[in-house]
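There are 2 protein chains.
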Amino acid sequence: MQDRAIRTRRKILEAAASVFGERGYQAATIADILSTAGVTKGALYFHFASKEQLAQGVLRAQEGQDPVPSRTCKAQELVDMVMVYVHRLQTDSMVRAGVWLALNQQAADLDRSGPFLTWSETLTELLEAAREQGELLPHVKPAETARVIVGAFAGVQAMSQTLSDYADLGERIAELLRHILPNVVISSVLASVALDGDRGTKVSAEIAAEAETDGQRLETVGG
Amino acid sequence: MQDRAIRTRRKILEAAASVFGERGYQAATIADILSTAGVTKGALYFHFASKEQLAQGVLRAQEGQDPVPSRTCKAQELVDMVMVYVHRLQTDSMVRAGVWLALNQQAADLDRSGPFLTWSETLTELLEAAREQGELLPHVKPAETARVIVGAFAGVQAMSQTLSDYADLGERIAELLRHILPNVVISSVLASVALDGDRGTKVSAEIAAEAETDGQRLETVGG
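Taken in sequence, the protein lines are chains S and H. Position 80 of the first sequence, counting from 1, maps to 80 under the numbering used here, and the rest follow consecutively. Position 7 of the second sequence, counting from 1, maps to 1007 under the numbering used here, and the rest follow consecutively.
Bound conformation, chain S alone (with noise of 0.2 Å):
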C-alpha cells in the first residue's frame, strides 16, 4: 500500500474507533465515521465496506507492531510481550479502541474473536517454544495456560482502567503473572525472570532503540 493510502486509512481507523468510544458500537453508523474522518464517501468505501469491516480493522490496529526482542528465556519473552503490550495500551489510543471494542460484549452483531485467537495462539506458540527448553512445569498444557493469560489480562486491564485510568496498570499485570506463572515455570526460571510494574516501557525503549539503530544502518548502506 502507498503511503497516502495507509494515512488515509489510518485516519478512517482513528475516525471509527471514536466515534465508536462516543456513541457505542450499536449506534454508530458510517455517516459519523465519515464526518469525523474528513476523507470521501468513496476514500472511505475503498478502505472499509461496512461498519464491521471498520471495527474488525479497529481490532486489528494492534497488530504488525514491532516485536519484543527475542530471549534465550521463552518465559521472559513472553512476559516481556504482555508487559510491551501494557505499555502500547497506555501510550495509544487505538489499541486502546480494539480493546474496548474487544470487550463491548453487548455489540451482539460483531465478531470480537479475532484479537483473543491471536493473541491465544501468540503465546501457545511461545510457551511451546519454553516446554521445548525445560523451561515449564511439567503438568502446564501450553494452549490451556496461553488462553487463561489471554482472558485474565483482558478483564485486569477492565479493572483497571476503571479504577485507576491505568495508572496501575503495570502493577495490576505484573501482580496477575506473579499469582499465574509460579504454576507454570520451573522454580529456576521464575527466579530469572524480570517481572516488575515498569518492566513494558523499559522493553519498549529498547525496541525503539533497536528500530533506530536499525533505521541507521539502512541509511548508511544507501549511502
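The set of hints was computed from the structure by calculation and includes no laboratory data. Some hints could be false.
[Said to hold, decoys possible] One side only, chain H facing chain S, incomplete, derived with CB under 8 Å:
id	residue
1	Arg1023
2	Gln1026
3	Lys1041
4	Ala1158
[Said to hold, decoys possible] Chain S regions said to be covered by chain H (calculated; three or more residues, Cβ under 8 Å):
id	segment
5	16-22
6	25-36
7	104-117
8	135-149
9	153-161
10	173-180
Since we're looking at a predicted model, the values are computed, not measured. Positions of the beta carbon are idealized from the N, C-alpha and C atoms, including for glycine.
Given chain S, put chain H in place with the hints provided.
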C-alpha cells in the same frame, strides 16, 4: 418496598438492560427505556432519577441474591461463590447485563467501579477468614489475590461469551482457578477443594433446595 413497587422497579431495570444492550449505553435514552418498560414517566423517575442511576441499578442487580452455603473450608466457599456466579451469568440475563455494562470501557461517563470493588471486598474477607484457619500459603496477601481473581474473572467470562456464548464458561473459570489456587492455598487444602466446571450448577441446586426447605419451615410456623 412493596411487592408492586419491587415488580415495577424490576420491569424498569429489565427494560434498561435490554435497551443498553441493543443501543449501547452511550446512545440509549430514558425515552427508549420508558417505551420498552411500558411504565409511566412518573413511575420511572420515582425509582431512577437519571440514565446513570438506571445503569447503576443494572450494575447492582446481581447483589442481594441468596448467599452460598457457609463451608468449613473457606477456600471451598470462595470457589463455590465464584462458580455460582458462573451459573448466574449463564441463566440470568440481568446478571449478564450488569457484567457487560461493567466492561463497557467506552462508556467514559459511567462509574463502573461498583461491581469490581464489591466483589474484591467480598473475596478479600473470605481469603482473610481462610488465612485465620491456616488455609493460605504464607506469602499470600488477601486483597491482592482477591483483586487478581475479580479482574481475571471479568476477562475470562468475556472471552467465553465471545468464543462459545458461555457454553464453556464453567470449564474456563475452573481452569483459571486451577492456575491461581496452587499459589494461594496450602497443598492439603488444594487437594480437598471440589472444583469442576459444573460446580456452580450443583451449588445453585443446593441453594435452591435450602431456600425451599426454609420456605416450608416458615409456612409450618405460620400455619
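**Message:** Take the shortest C-beta to C-beta distance between alanine 1158 (chain H) and chain S; is it under 8 Å?
**Reply:** holds (5 Å)
**Prompt:** Do three or more residues of the segment 173-180 of chain S come closer than 8 Å to chain H, measuring C-beta to C-beta?
**Reply:** holds (count 4)
**Item:** chain S contact restraint for lysine 1041 (chain H) - C-beta distance below 8 Å
**Value:** violated (23 Å)
**Asked** Taking 8 Å as the C-beta cutoff, is the stated coverage of the segment 135-149 of chain S by chain H satisfied by three or more residues?
**Response** Coverage by chain H holds here, the residue count being 4 at a Cβ distance below 8 Å.
**Request:** Establish whether the coverage given for the segment 153-161 of chain S by chain H is satisfied; the threshold is a Cβ-Cβ distance below 8 Å, and no fewer than three residues must meet it.
**Result:** Since 9 is at least three, the answer is holds.
**Request:** Tell me if chain H covers the segment 104-117 of chain S under the three-residue, 8 Å CB rule, please?
**Result:** As far as the segment 104-117 of chain S goes, the hint holds, because 9 residues have Cβ atoms under 8 Å from chain H.
**Prompt:** Close enough to count: is the Cβ of arginine 1023 (chain H) nearer than 8 Å to one in chain S?
**Reply:** holds (5 Å)
**Request:** Test coverage of the segment 25-36 of chain S by chain H using CB-CB distances below 8 Å; three residues minimum.
**Result:** Held - the segment 25-36 of chain S has 3 residues with a Cβ nearer than 8 Å to chain H, which meets the minimum of three.
**Residue hint glutamine 1026 (chain H), partner chain S, criterion CB-CB below 8 Å** = holds (4 Å)
**Check of the segment 16-22 of chain S against chain H for coverage (Cβ-Cβ below 8 Å, three residues minimum)** = holds (count 3)
Going through the hint list in order, the structure does not satisfy hint 3, though it satisfies all others.
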